[in-house]
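Asker: These are the residues of each chain, in order.
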Amino acid sequence: MRIYIFRFLLIFICAILQVTLISTVLNIFDLKEVKLDLILIITVYFAFKDGIMSGQVTGFTGGLFEDLLANPPQFGITTLVNTIVGFTVGTFHKRIYSENFMTIFLIVFICTIFKGLLLKCLIIFDSQITSISEYLLDYFLHSLSIELILNSILAPLIFNLLNKLNLTIKRTG
Amino acid sequence: MLSFFLHKNKNFLTFLLLLSLSIIFITTKSNNAQKQMSNVFITTSAPFAWVINNVTDSIGSTFSDIAYFNDKLEEMENLKKEILEKQELFSDRQVLIQRIKTLQHQLAYVELNKAGLLFEQENNQTYDIETADVIMKDPQSSYKTLIINKGSYRGIKASMPVIAIQKIRKSNGKYKRERIVVGKISQTSLMHSKIIPIIDKDCKIPVKLSDEKYTGLIKGLDSPQNDLFMTNISKWAKLAKNQEVITSGGTSIFPKGIKVGYISKTVIDSSSYIKSAIVTPYVDYSRIETVIVIKKELPEDLMKLLEKK
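As you go down the protein sequences, you meet chains C and W in turn. Here the first sequence is numbered in the numbering used here, starting from 1 and rising by one per residue. Here the second sequence is numbered in the numbering used here, starting from 1001 and rising by one per residue.
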């Protein structure tokens, strides 16, 4: 029970950090569209460590917190996307060795692309954008490319930190 | 069966449930509900966000303060350098001003000499003068060492008289600028000359009392008070304290009428045919900066006679 409470608090604090501190820092460098996706990283972490259930619940909770704090135009999109990512990554639990720097780098890299494209596709579906390719290219060049580098490089460090916090569920037998 | 099915597919069923909820959130256009939820969440997270914002603000302001102070420090260093440069310029300027004043004085002496007002002309003779700065004086040896910055290249020779214009205190207590005897040139080099001061025992000058016709000879006493000893005064001369003593001119190297000093004490010897006196010189060697060398030479044969003596 204690672990679940700590996890909940961790997701809550990461959501606040993501929306307040990190976006402020990135704004200083004139990177308004870019975000360091802490929620995505911890979703991938718990999905890898504890499986599908952990991953999808973490994704859903984190996405919901993000939507509530950031108040996007389409409420619930981030929740949906993070849940899908958590479920998908959770299926690779115990099938891929997740302690390697390169593995973590690649998986977070792929997840960031997947999440970014899925998010934009859902936005395009619900909006009246005429030139989809231009919109996606612009998104890739100005935001996604920097997000990919940020998330992929910082993910191993965050994984290391979370390992030390020891918030995974230890299953016996 | 149902419970088995549910247990086996709990992950997928949970996924479907969460997915449905997300889709409901997206499709529901009820802004009020969403806003209320958002407000509740923001209110709950407000203290955490406040702490994080304040911490980052204080860290950020600390860094910006450090940067600001560094800029100010740099500015201060630049200002210090500027002030030092200006101080140097100012001190250079002061030195220049002083030099200009000295040169103006020297020029004034030259003009006075041209006009025949510097000293009394004897037999309508005019003498050239050379003004010079005292560049070295040694107070520890009672100013026995006086070096000026003009030498033989300017026509200065040994035994030439040296005078100065200084403020002296008269008997009535008032100060007046007068020509006073400083000494004689003892040695010359190309660019410099050495002066033997009047207070030196080897410097002997024929003098007379200013208000009487009686002459005498004055020489240094080598005393700590830098007094002079006037001797060979006629016993008929009336000596009094504060009586002025001036150069006698004539065959002396010094032109006539240049002030030497005043009698401070008379020395009476009833058995002697001559009188003597202690004379306090007017010249203040500690204040001398500019001197006038009178380019007057004794005739050669007289010089030789004096040398032989």
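These aren't lab readings, by the way, just hints derived from the structure by calculation. Do not take every clue at face value.
Lysine-lysine pairs mimicking PhoX-like chemistry, simulated, CA-CA at most 25 Å apart [what the hints assert, rightly or not]: (1) W:K1201 x W:K1256; (2) W:K1101 x W:K1035; (3) W:K1114 x W:K1296; (4) W:K1101 x W:K1010; (5) W:K1167 x W:K1035; (6) W:K1194 x W:K1137; (7) W:K1201 x C:K49; (8) W:K1150 x W:K1114; (9) C:K94 x W:K1008; (10) W:K1035 x C:K49; (11) W:K1204 x W:K1157; (12) C:K94 x W:K1010; (13) C:K120 x W:K1167; (14) W:K1204 x W:K1235.
Predicted model only: the values in this text are computed from it and were never measured.
Asker: Work down the list of hints and note, for each, if the structure agrees.
Answerer: Quick rundown of the hints versus the structure:
1. W:K1201 x W:K1256: Answer holds: W:K1201 to W:K1256 is near 22 Å, not above 25 Å.
2. W:K1101 x W:K1035: Answer violated: W:K1101 to W:K1035 is near 89 Å, above 25 Å.
3. W:K1114 x W:K1296: holds, 15 Å
4. W:K1101 x W:K1010: The hint is violated at about 108 Å.
5. W:K1167 x W:K1035: Between W:K1167 and W:K1035 the Cα gap is close to 99 Å, so the pair fails against 25 Å, i.e. violated.
6. W:K1194 x W:K1137: Roughly 10 Å between the alpha carbons, so the hint for W:K1194 and W:K1137 holds.
7. W:K1201 x C:K49: violated, 112 Å
8. W:K1150 x W:K1114: Holds, at about 20 Å.
9. C:K94 x W:K1008: Holds, because 18 Å separates the two Cα atoms, which is no more than 25 Å.
10. W:K1035 x C:K49: Judged against 25 Å, a Cα distance of about 35 Å means the pair is violated.
11. W:K1204 x W:K1157: At roughly 17 Å apart (the allowed maximum being 25 Å), W:K1157 and W:K1204 satisfy the hint.
12. C:K94 x W:K1010: holds, 18 Å
13. C:K120 x W:K1167: violated, 101 Å
14. W:K1204 x W:K1235: Holds, at roughly 20 Å.
Hint compliance for this structure: hints 2, 4, 5, 7, 10 and 13 are broken, all remaining hints hold.
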